[in-house]
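**Student:** Sequence:
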Amino acid sequence: MDNCFLVNHVQCYDKYLQQNLRKAARLRGHSFWARGPDNAGQYNSRPHETGFFSERGDYDSYYGRFFLQWYAQSLIDHADNVLSLASLALEDIKIIVKVPGVYWWYKTASHAAELTAGYYNPTNQDGYSPIFEVLKKYSVTMKFVCSGPNLEDHEALADPEGLSWQVINSAWDRGLSVAGENALSCYDREGCMRIVETAKPRIDPDRRHFSFFAYQQPSSLLQGTICFSDLDYFIKCMHGDVSSDLLP
Numbered sequence: 001m002d003n004c005f006l007v008n009h010v011q012c013y014d015k016y017l018q019q020n021l022r023k024a025a026r027l028r029g030h031s032f033w034a035r036g037p038d039n040a041g042q043y044n045s046r047p048h049e050t051g052f053f054s055e056r057g058d059y060d061s062y063y064g065r066f067f068l069q070w071y072a073q074s075l076i077d078h079a080d081n082v083l084s085l086a087s088l089a090l091e092d093i094k095i096i097v098k099v100p101g102v103y104w105w106y107k108t109a110s111h112a113a114e115l116t117a118g119y120y121n122p123t124n125q126d127g128y129s130p131i132f133e134v135l136k137k138y139s140v141t142m143k144f145v146c147s148g149p150n151l152e153d154h155e156a157l158a159d160p161e162g163l164s165w166q167v168i169n170s171a172w173d174r175g176l177s178v179a180g181e182n183a184l185s186c187y188d189r190e191g192c193m194r195i196v197e198t199a200k201p202r203i204d205p206d207r208r209h210f211s212f213f214a215y216q217q218p219s220s221l222l223q224g225t226i227c228f229s230d231l232d233y234f235i236k237c238m239h240g241d242v243s244s245d246l247l248p
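Per our numbering, the sequence shown starts with residue 1, numbered consecutively.
By construction, these hints were calculated from the structure, which means they are not laboratory data. Glycine residues also receive a C-beta, built at the ideal position from the N, C-alpha and C atoms. Errors might be hidden in some of the hints.
Calculated lysine-lysine pairs in the BS3-like style (CA-CA distance at most 27 Å, straight line) [to be verified]: (1) Lys200 <-> Lys236; (2) Lys136 <-> Lys98; (3) Lys200 <-> Lys98.
Distance ranges between label pairs, derived from CB positions [as the list claims (entries may be wrong)]: (4) Glu55 <-> Ile235: 41 to 47 Å; (5) Asn124 <-> Ile235: 38 to 44 Å; (6) Arg174 <-> Leu75: 15 to 21 Å; (7) Ile95 <-> Asp230: 31 to 37 Å; (8) Ser211 <-> Asp126: 21 to 27 Å; (9) His209 <-> Ser87: 24 to 30 Å; (10) Lys15 <-> Ser229: 54 to 60 Å; (11) Arg28 <-> Lys107: 27 to 33 Å; (12) Ile235 <-> Arg26: 54 to 60 Å; (13) Lys137 <-> Arg207: 21 to 27 Å; (14) Tyr215 <-> Glu91: 28 to 34 Å; (15) Arg208 <-> Ser87: 20 to 26 Å.
Modelling step: build the complete structure from the supplied sequences, incorporating the hints.
**Tutor:** Structure, rendered in structure tokens:
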């Protein structure tokens, strides 16, 4: 996990984004806010080691909120522009947008890894609703990567289940079609059955479910560890041929 602790370099330093940031700061009346954070640490810094992402850090200051809202909106606007062009060029083709799961540091207040990825989703904000409003405008399908149990990295305070629940339900609440895809590590029985519960939640009163599921095959190195009877049972559960309520 050494390369996944934070990935905390926001991507806002090319001349066009700098121009956009200066304009946004002027419109806000605080031209001195036209800068990226200077206390966000290094590439693999942990949130508590930085002044920006730590508990009660600058991410939640007036400047931090302005910057992160601008940063997230810049990426949302880019998605809007790309989908607008794609919808014109691919008029009769269903567009699928893959939303990556940035699980690391989800159990911290700042959700630092999500912030640097452009999801303005600290504990006191909902960073996915604005994204899904744009996706809804173009009637796309949102595809989310479903994690397996071994993605729960306790050192990096990851919470795959918490993030999955938030993202998938936020998309469903906005009327989006939702699909799934397995992470490369989801090949054991526990991981597969967790995906079934995510795709077809038994406690959902509206009986919502994935529109489809893309199964990524394991590499040749892992294929010998796959239990094909478990895989067969997983496929039957996804198709409704057997009930996942019978799981041990």
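**Student:** State for each hint whether it applies.
**Tutor:** Status of each hint after checking the structure:
1. About 13 Å separates the Cα atoms of Lys200 and Lys236, which keeps this hinted pair within 27 Å; it holds.
2. For the given pair, Lys136 sits about 14 Å from Lys98 by alpha-carbon distance, which is consistent with the 27 Å threshold.
3. Our distance criterion of 27 Å between C-alpha atoms is met by Lys200 and Lys98, whose separation comes to about 19 Å.
4. As the Cβ distance of Glu55 to Ile235 is approximately 44 Å, the hint placing it in 41 to 47 Å holds.
5. The beta-carbon spacing between Asn124 and Ile235, approximately 41 Å, falls within the hinted interval of 38 to 44 Å.
6. Between Arg174 and Leu75 the C-beta distance comes to about 18 Å, which sits within the given range of 15 to 21 Å.
7. At about 33 Å, the CB distance of Ile95 to Asp230 agrees with the hint of 31 to 37 Å.
8. At about 23 Å, the beta-carbon gap between Ser211 and Asp126 stays in the expected band of 21 to 27 Å.
9. Hint check: His209 to Ser87, Cβ distance near 26 Å, so the stated range 24 to 30 Å holds.
10. Checked against the hint of 54 to 60 Å, the pair Lys15 and Ser229 passes, with Cβ atoms roughly 57 Å apart.
11. Hint check: Arg28 to Lys107, Cβ distance near 31 Å, so the stated range 27 to 33 Å holds.
12. The supplied range of 54 to 60 Å is met by Ile235 and Arg26, whose beta-carbon atoms lie about 56 Å from each other.
13. Between Lys137 and Arg207 the Cβ separation comes to about 26 Å, which falls inside the hinted range of 21 to 27 Å.
14. Taking 28 to 34 Å as the suggested C-beta distance range, the pair Tyr215 and Glu91 conforms, at roughly 29 Å.
15. Checked against the hint of 20 to 26 Å, the C-beta distance between Arg208 and Ser87 comes to roughly 25 Å, which is consistent with it.
The structure is consistent with each of the numbered hints, conforming to all of them.
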